[in-house]
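Following the hints, position chain B against chain A.
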Amino acid sequence: MNTTLLKIQNLNKAFGNKKVLNNINFTVQQGHIIGLIGANGAGKTTIMKAILGILPFDGKITINDKAVSIRQHQPLQSVGALIEYPGLYPYLTGREQLRLFSTGKDREQKVNNIISKLRMDHFADQKTKGYSLGMKQKLGVGLALLNNPQFVILDEPMNGLDPKATKDLRDLIVQEKQNGVTFLISSHILSELQRIADDVIVINHGEIVTSTTMDNLLAANKKFYLIETDNNEMASDLLLRNNYQVENKTALEIPITDKFSINDLLQLLLSNNITINDIKQQDGDLEESLLKVLDSEGK
Amino acid sequence: MRTLIRQESYKLMKQRSTQIFLIGLFLFQLLVVFCSKKYPKFLSDKDAFLNNYMAIILITFFIIAICSTVITKERQFGTLRSLLYRKFSYIQIITSKIITLLTFTILLFVGNSLISLVFKFVFANKLELTHKIWKAWLLTNLNNFLTLLFLMSLVVLLGTLLNSSNLALMIGIIGYFVINVFNQMLLALIAKFDWLKWNPLNMMNLGEQIQSHGFHQMTQLSLTQISIGYAIYIAIFIILAIYSFCKKSV
Numbered sequence: 001m002n003t004t005l006l007k008i009q010n011l012n013k014a015f016g017n018k019k020v021l022n023n024i025n026f027t028v029q030q031g032h033i034i035g036l037i038g039a040n041g042a043g044k045t046t047i048m049k050a051i052l053g054i055l056p057f058d059g060k061i062t063i064n065d066k067a068v069s070i071r072q073h074q075p076l077q078s079v080g081a082l083i084e085y086p087g088l089y090p091y092l093t094g095r096e097q098l099r100l101f102s103t104g105k106d107r108e109q110k111v112n113n114i115i116s117k118l119r120m121d122h123f124a125d126q127k128t129k130g131y132s133l134g135m136k137q138k139l140g141v142g143l144a145l146l147n148n149p150q151f152v153i154l155d156e157p158m159n160g161l162d163p164k165a166t167k168d169l170r171d172l173i174v175q176e177k178q179n180g181v182t183f184l185i186s187s188h189i190l191s192e193l194q195r196i197a198d199d200v201i202v203i204n205h206g207e208i209v210t211s212t213t214m215d216n217l218l219a220a221n222k223k224f225y226l227i228e229t230d231n232n233e234m235a236s237d238l239l240l241r242n243n244y245q246v247e248n249k250t251a252l253e254i255p256i257t258d259k260f261s262i263n264d265l266l267q268l269l270l271s272n273n274i275t276i277n278d279i280k281q282q283d284g285d286l287e288e289s290l291l292k293v294l295d296s297e298g299k
Numbered sequence: 001m002r003t004l005i006r007q008e009s010y011k012l013m014k015q016r017s018t019q020i021f022l023i024g025l026f027l028f029q030l031l032v033v034f035c036s037k038k039y040p041k042f043l044s045d046k047d048a049f050l051n052n053y054m055a056i057i058l059i060t061f062f063i064i065a066i067c068s069t070v071i072t073k074e075r076q077f078g079t080l081r082s083l084l085y086r087k088f089s090y091i092q093i094i095t096s097k098i099i100t101l102l103t104f105t106i107l108l109f110v111g112n113s114l115i116s117l118v119f120k121f122v123f124a125n126k127l128e129l130t131h132k133i134w135k136a137w138l139l140t141n142l143n144n145f146l147t148l149l150f151l152m153s154l155v156v157l158l159g160t161l162l163n164s165s166n167l168a169l170m171i172g173i174i175g176y177f178v179i180n181v182f183n184q185m186l187l188a189l190i191a192k193f194d195w196l197k198w199n200p201l202n203m204m205n206l207g208e209q210i211q212s213h214g215f216h217q218m219t220q221l222s223l224t225q226i227s228i229g230y231a232i233y234i235a236i237f238i239i240l241a242i243y244s245f246c247k248k249s250v
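Chains as they are written, first to last, in full-length UniProt numbering: chain A, 1 to 299; chain B, 1 to 250.
Just so you know, the hints here were simulated from the structure itself, not pulled from any lab data.
Among the clues, some could well be false.
Restricting the straight-line Cα-Cα distance to at most 16 Å, the calculated cross-link-like pairs of lysine to aspartate or glutamate (EDC-like) are [stated by the list, open to error]:
hint, chain 1, residue 1, chain 2, residue 2
1, B, LYS14, A, ASP125
2, B, LYS14, A, GLU96
3, A, LYS136, A, GLU156
4, A, LYS19, A, ASP65
5, A, LYS177, A, ASP162
6, A, LYS7, A, ASP58
Pulled out of the complex, with its shape left as it was, chain A reads as follows (with noise of 0.2 Å):
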């Protein structure tokens, strides 16, 4: 059964005269992953701002049914976050900083953990002032994930990692998510939020253009089929004939849909001596079907 651990109602933000979010409406279900996408200045930041109560807002979040403010943050007692960039306290090392924000019973287990979980081991005696990007955000996500939260929010947690601490990060993400931990992650690195999130938000301009599934929004992008003929636009003419979609007639783009059968395509195909020299399956992508339905949004 699913359990709502997020519900935003109505939430308006406007800094002076700009309004930033307009009537924000989602919920989120808990143990499952939320891509929250959308372009640079789009109101990402601000409604995780709003979620942790750091900024005054008009409408209403409730975390497990407790409404959070600027004045009431005791929802947020098991939620981690990292929002932007790590804050670090220069003069402590790693360690030392994950020390200093570990709450509760077995705090240096805790802190040892969360070092061997992001494979800190090398860099967590060191000062944090001498740490890379990379290694401040590990740190960040360290920090964010330490006191085994239920919910994490995490703003473009793969900043500055490299392929490797990228591929941790995520597996680590998705094991988390195993036990049941629910993560809102913003990322411009959409191939990432494509391979974790259950669900996706998106974001412009303040408002929300979709909140779906991600098997929903790739779904606006489907898997098609790219095939190279001797004579396109032939075979084009044919398959359009035949109640085929073609997509692209100089490409020759077929979406797959739920009744689509390679076989009967290339059969129809061979019977009418058009020669396939090449054929490919392509996958839908995050990428494109987000421009689409912002494309969509714009006309």
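What follows is chain B alone, placed relative to chain A:
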């Protein structure tokens, strides 16, 4: 709140400047002991002991420095946000900082007084601890503490208003001298304009007045009046500091 105070104390004690200060303070007091032994005409054993071997000079500068930068440094490091997006409210965060600073200052005074006593017994054992000397020593410490406490509340307020830790530190230190000079000038003016006696700087003389009852002729306030005024002004500065902290965007 206990978690926050633990965290604030951890940060304070892990700073290199705190560690250097604590060692430096001890060495400075030793230097004053040496000077009082070498040049007793300039600084007698009694005066050195009564003034805790001049420790208040370093303590005042250090406490002003940490009070003025306690918020601005968090802004500078970008750590204020990570303090705030937890279960703790803005008020709890700033209150924990103030409590930590106050506790540190009290412990510093107590520790420093104990060291001064040890120094007295080791280096000035001929100085007899009469009732009069005990009283004078305790009152001097109380005077220094109350004056510093007043300055701390003012500097914390200043720290919440500024964004740059260097600027806050500079204004804090310069402000300390300016306040002292102004205070002397104001005492002269109070004699002419009675209403000036209610100015906040006059309340900073509470410790002086406790130490020397005749001082009420300078402040034009009774001990009760100056005590109440002192408490009210500190409360106003702290409330303003909390308000300013809560209002500033992160």
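Open item on the list: For LYS177/A and ASP162/A, compute the direct alpha-carbon distance and say whether it is at most 16 Å.
Closed with: Violated, because 22 Å separates the two Cα atoms, which is more than 16 Å.
TODO: Decide if the proposed pair is consistent with the structure: LYS14/B and ASP125/A, CA atoms, cutoff 16 Å inclusive.
DONE: Given that 16 Å is the threshold and the Cα spacing comes to 14 Å, the pair holds.
Open item on the list: For LYS136/A and GLU156/A, compute the direct alpha-carbon distance and say whether it is at most 16 Å.
Closed with: holds, 13 Å
Task: Pair hint outcome, LYS7/A versus ASP58/A [Cα-Cα no greater than 16 Å] - done: holds, 14 Å
- [ ] Would you mind confirming whether the straight-line C-alpha gap from LYS14/B to GLU96/A stays at or under 16 Å?
- [x] Holds: LYS14/B and GLU96/A sit about 9 Å apart, inside 16 Å.
- [ ] Could you grab the alpha-carbon distance between LYS19/A and ASP65/A and see if it respects the 16 Å cut-off?
- [x] Since the Cα atoms of LYS19/A and ASP65/A sit roughly 27 Å apart, the hinted pair is violated (cutoff 16 Å).
Against the hints set out earlier in the document, violations occur for numbers 4, 5.
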